[in-house]
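So the sequence lines, in the order shown, correspond to chains A and B. When we follow numbering that gives the first Met the number 0, the leftmost residue of the first sequence carries the number 0, and every step to the right adds one. When we follow numbering that gives the first Met the number 0, the leftmost residue of the second sequence carries the number 0, and every step to the right adds one.
Because the hints were derived from the structure by calculation, they are not lab data. Ideal Cβ positions, reconstructed from N, Cα and C, are used throughout, including at glycine. Check the hints yourself; a few may be wrong.
Subject to a maximum C-alpha distance of 16 angstroms in a straight line, what follows is the list of computed EDC-like cross-link-like pairs (lysine to aspartate or glutamate) [said to hold, decoys possible]:
no.: 1; chain 1: B; residue 1: Lys54; chain 2: A; residue 2: Glu313
no.: 2; chain 1: B; residue 1: Lys54; chain 2: A; residue 2: Glu290
no.: 3; chain 1: A; residue 1: Lys407; chain 2: A; residue 2: Glu453
no.: 4; chain 1: A; residue 1: Lys21; chain 2: A; residue 2: Asp54
no.: 5; chain 1: B; residue 1: Lys54; chain 2: A; residue 2: Asp54
no.: 6; chain 1: A; residue 1: Lys315; chain 2: B; residue 2: Glu90
no.: 7; chain 1: B; residue 1: Lys54; chain 2: A; residue 2: Asp263
no.: 8; chain 1: A; residue 1: Lys334; chain 2: A; residue 2: Glu405
Residues of chain B clear of chain A, computed beta-carbon distances all greater than 12 angstroms [unchecked claim]:
no.: 9; residue: Pro35
no.: 10; residue: Arg46
no.: 11; residue: His169
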Amino acid sequence: MTEAYEALRMRAAERWDALHAKPWIRVGTGLMGEAAGAPEVLAALREAVARSGADAAISEVGTRGLCYAEPLVDVFVPGGPRALYGNAAPEQAAVIVERHVRGGEAVAELALASVDCDVAGVPRLEDLPMMRRQVRVALRNAGEIDPGDLDQYVARGGFAGLNRALSELGRERTLEEVKNSGLRGRGGAAFSTGMKWSFLAGNPAPEKYILCNCEEGDPGAFNDKTVLETDPFTLIEGCVIAGYATGASNGIVFIRHGHDAPIDRTRAAIAACYENGLLGSGVLGSNFSFEMDVSLVGESYVAGEETALMEAIEGKRSMPRFRPPFPAAYGVWGKPSNINNIKTLSYAPEIVRRGAEWFKEIGTEKSSGTAIACLSGDIRRPGLVEVPFGVTVRQIVEELGGGDPEGKGLKFLQTGGPLGGVLPAEQFDMTLDFDEMAGAGAMFGSGGLIVCNEERSVVDLTRTLLAFDQMESCGKCFPCRLGMSHLLEILERIADGTGRDGDMELMERVGLNMRGGSLCGHGQLGYNPVASAVRFFGGEFRARLEGGEAPPIGSFVGPKATRRGAQMSGGTPTASVKVDFVSRMEPAAAAAGGAR
Amino acid sequence: MSGGESWGAAHPAAGAAMSGGESRGGAAHPAAGAAPSGAELRERARRAIAEQPGKTVTVLSSLLAAQDELHYLPFEAIEEAAMSAGASVNEAWGVASFYPNFRFTPPARHSVEVCWGPTCHVLGAQPILQGLARHLGLDGEGDTEDGSVSLKFNTCLGVCPHAPAMSFDHQLAGRMSLDAAVSRLERVRSGEQGA
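One chain only, chain B, in its complex shape (with noise of 0.2 angstroms):
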């Protein structure tokens, strides 16, 4: 295979492996346009690890950096990050499938997290994102069939005066509803920008 495609997938067992049954997850999203080749994810990822702002490089901090420029964590990045603090790919391997905030396939074109901290569901949080999974025709968090958008529960996006809260392309927009984030969900994924 190559280093494009990530490797969930790569192995037969890999999909039977997948609890829950979904297992298309390996596979690069069709509309993701040409996949990069996996030098060109290293070399990516080499640069980000080596730019990365902060003095103290850990494989935590190069992970970062790296899944910051690819937005996931393909094999040559795991093992990128891992060289870069001197550890074992396996070591490097057990930080990144730690902290849920990674993800090791490419990611839609667009993202959407919905917040499901206690003040967001108060405020009505699982309405939202039920029915935001339902129209993606989703049954929960994950990405759609077509590679449009990835939807992922947060568990605190830090803004609960303006709950219920939502982001966008990583841009924050708060007192959501139902209505609103489906209108603004399509807003988004027809390729109009913000609000």
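Isolated chain A (complex conformation) (with noise of 0.2 angstroms):
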């Protein structure tokens, strides 16, 4: 153990306990909360708490993944229960902190779950449905820790296996254990992380580039914004241990701009990393030395491609690269890197420290490890769910999610994203397991699994996935970027109607061009949404194409912004705008740029 860690270990202790001395209110916030309305929920404890004079601290905390009941607010009083209190609101603060905090009472009426303890007439929190199959790893201290304090995630065990590899693994065997963890990447392509780092490894180069992957433009997933929101440190920790494991020199965290929370987070993590030596030259006393920094993106979908994500970082158009040449070889500045999604790095600190075989324990053969699934639509208990792979759909879906909240029947789950598809009811029983997914043509992708029942038009939910694809579209290959609009608009007319003969076989056509003509997947899978839907609910399509049965479809309008200029708000397409940076040096061109 590093003396460096050491000291650091000692000192997260001794705040840990002393944290535990007196009553802790801990109140989730950042994006979810404050959809929920945690912020006025938090005002009102911090009220309630000044004026009752009570000694206790109060921290913003992380979402817990249980979403059905934010806004949730944690209350630990030493010597006595803790209990999370669901769906608080403001009104219930003074009860709260009178009862529970002065009092040591949990307030049972109240309170959604015990927590290592027992109180009467609530159930434990292991014990709610939505917890019972899960096992954390990755978010294993979301709602835990205040996520801006560096001690709390110490005293959690944070840090160690950073520690672990540094003083006792060295290089190799710190990438050898990640290799055997059998840990594959959670951004979709589920590739195996220790071969992917072990290609930048085996590139000499004394500069090189982890970038961790939080674009997550993917409508419906939200799981590695809640890893920066809740314990930024955790991705902190994985990404060092990727740059020491193969030799890098920086970090970059790639997320997309206006996600305040998760932002704000993660840099205000990476101060606290280099204020105590946990980045920068010479990391634990160690001589291997590390920088990282936090790079934002416009909003942009294709940014998430891991070419596109590198002309981003250099301040360009978020458009793919040819490849090869692949980014271990050059990447982003030319420089030598390895792209690998938030939630993959986030695994690797507790890898590290418990070890390969503890990983593989967890999950199945071919897919170690947990599943981070984010819940969402038709549900009744939506949220996030960390789960062994293993488990079937229908469990996540009916055990943890609680199914449909007015119990009408499923009908099917968009899944992997807007160039996912759809995965019918008759096949929940599927296991979570990437192979086995991917055989049956289902992509787990990023996680997002949107619930519809049986009310739902699959051809609708086609149409606005498509509308997004369209819009997302970068416009480098010509392909996609008219494909795209193809398919948009024959799938407008279909659900308008007003479809015409051949309309299937036309999407089709357009569809494999797509796929044969496109740089990246945005392009190569655009079609697969259509695909996937017409596949499972072919019948659908034809109704509407031919007259029949069929789901009611309402009106559609999408945003005016497009790659193709941004008009926003008014309009200020580029055709008008370039016109007048002429007129601005050069009055003369000015007029002639006028006439176009």
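Take each chain as given, in its own frame, and dock them per the hints.
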């Protein structure tokens, strides 16, 4: 054990004990909490504590994933019970503070669950239906720690993995450990992480980059942002471990501009790591140095593609590059780079700390570890669940998620993001496993599961997905740029009931051209949502074309913005702006430009 | 034209070149108060670009920093962003025009975003965004005539469990209905804060 780590650990343990020496209130804020009204609850709790004169600490934590019960308030009292209050309202703040914080007794009639203790009439946290099958590895600290407090992360075992890598394993064995764990990329491609790292490790260049991808433009997926918002240190530790194992010098976390809570929390965490010798020169007193920074990108789904991501980090339009050369040879700024999804890197600390064998015990033989699924749509308990691979889709949707809120029958899941497909209810017994799902033509992707009940129209949802895909096409490859527009146009007329003979065949032809003629997955997979919907619900498309029973579809209005010149709020398309640029430089040229 | 006005409508051809025929995009909103001068905008953009938190300064990072400060990108900001990264103005404009979160006209006083991602769509985003647009006298995304509200469609606000989701002046709100959206919009517009 390095001395530097030992000092950190001692300090963290003292802080942790001090935190538990008096009442401690944790409120889930961040994106999820904010949407549920947590800021008002937090303010009411602060006021109630101040008014009661209680000596209690109040921390803002990230979401626990139990989003159906947000705002969620977690109250701990020393020597007394610890309880979670779900769907907390500002009016309940006074009674929670009076009876639980000051009185030392949980308010049983308001409590959602008890934590590490028993309270009469209240279920234990692990017995909640949504928690039952969960195994928390990447989300182990979600809702438990203040994401801005390094000591809290260290107190719960943080940086023990990095310490083991630096002081015990060394570079090669750290890489071996990750390789042997069977960890596979959680961004969608499911490639062996250890193998990917070894490509970068094999490149002798002195300046190499670890890129952490939190672009997460997938509507329906929110697990990357959740990791950053609840526990940014685990991502940082994972990134430093990746840097050490591959001999990289820099790490960049790549986040979409506008998601303030994950961005601010990640930046604060990076700053704390620099202050405590966990980043910079001589990490934990070793001779390994590593720099980290956050890079923001504008709204662009394609920026999540690895080469487009590198373009965006360099400050350009996020358009994919031709491969080869692959990133491990020629990445960001032309330097060798390795790109991992946030979730993937978040597993590394626990794998290195506990060993490859421990991780392999979880999950299935070919898909080790856990999957983080995001549940939303027609579901009683929407939120985030971390379950071992090998559970079935039905268990996730019905047991953990509770099925449709009104008990209606479920029709299908939309999985794999806007380029993914649908999974009909008949296939819900499929087990979560990268290979099994791929074999059945389903995509787990980054984990978004959008649940749709029997009243939903698959044609309607497919049109919406294509409206997204069309808008997000970066425009570099014309089969994608034009093909997406054609697919959307055809889907719009099918939805409106004005489809034509041969439309289905036309879509297929366009889709196949996109698959063969596009540089990146956006165009290659652009036909996927249509193909998958037609495969399982072809009758619904035919009913719209030829007449017949089909669920109703409402009118659709999409955004005005496209990549062909942003047209925001009243419109300032490219052409008009260029004209004005000219006018500022040379009046005569402006007149010529104005004629176009 | 002064730098404070935006440049979309500066040239007579600009309005005509716009699709959709909404030609008022370039004019500064009458309600936006006295427009800051070009020199002032330039200075604010320059400071925001110089003080951006990231270590790696690029055209994109500078444009984002300038927009965070000014809430839109006037000509001066694009020029400053280009200079900060040693790029040409054309290159900077090329980046700015690619990402739809950049805007080139001053926004209205309040921003309202409606998520139209698939989860929100399934749970009823369309009636909300169409109803809100009608309520505001718009045909979709856009700014109201009086400069009070910018309505924007967001592809995913990232809070799918709380769908249908919206944001009012960048504060998220979940489980919305059209009625709730209209009443909160009016509260925000009339100057009351938050929920």
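Hints, one by one, checked against the model:
Of the supplied pair hints, the one linking B:Lys54 and A:Glu313 holds, its CA atoms being roughly 12 angstroms apart against a limit of 16 angstroms. At roughly 10 angstroms between alpha-carbon atoms, B:Lys54 and A:Glu290 fall within 16 angstroms of each other, so this suggested pair holds. Distance check on the hinted pair: A:Lys407 and A:Glu453 sit about 7 angstroms apart at the alpha-carbon level, within 16 angstroms; holds. Distance hint between A:Lys21 and A:Asp54 is fulfilled; the C-alpha atoms sit about 7 angstroms from each other, no more than 16 angstroms.
Distance check on the hinted pair: B:Lys54 and A:Asp54 sit about 40 angstroms apart at the alpha-carbon level, beyond 16 angstroms; violated. Taking the CA atoms of A:Lys315 and B:Glu90, the gap is near 8 angstroms; set against the 16 angstroms cutoff, the hint holds. Under the criterion of a C-alpha separation no larger than 16 angstroms, the hint pairing B:Lys54 with A:Asp263 is consistent with the structure, at around 15 angstroms. Taking the CA atoms of A:Lys334 and A:Glu405, the gap is about 54 angstroms. The hint is violated against a cut of 16 angstroms.
With a least CB separation of 18 angstroms from chain A, B:Pro35 remains clear of the 12 angstroms interface cut-off, as annotated. With 12 angstroms as the threshold on Cβ separation, the claim that B:Arg46 sits away from chain A holds: the shortest Cβ distance comes to roughly 18 angstroms. Against chain A, the non-interface label of B:His169 is violated: not every CB pair exceeds 12 angstroms, the least being about 8 angstroms.
In this structure, the hints that do not hold are numbers 5, 8, 11, in rising order.
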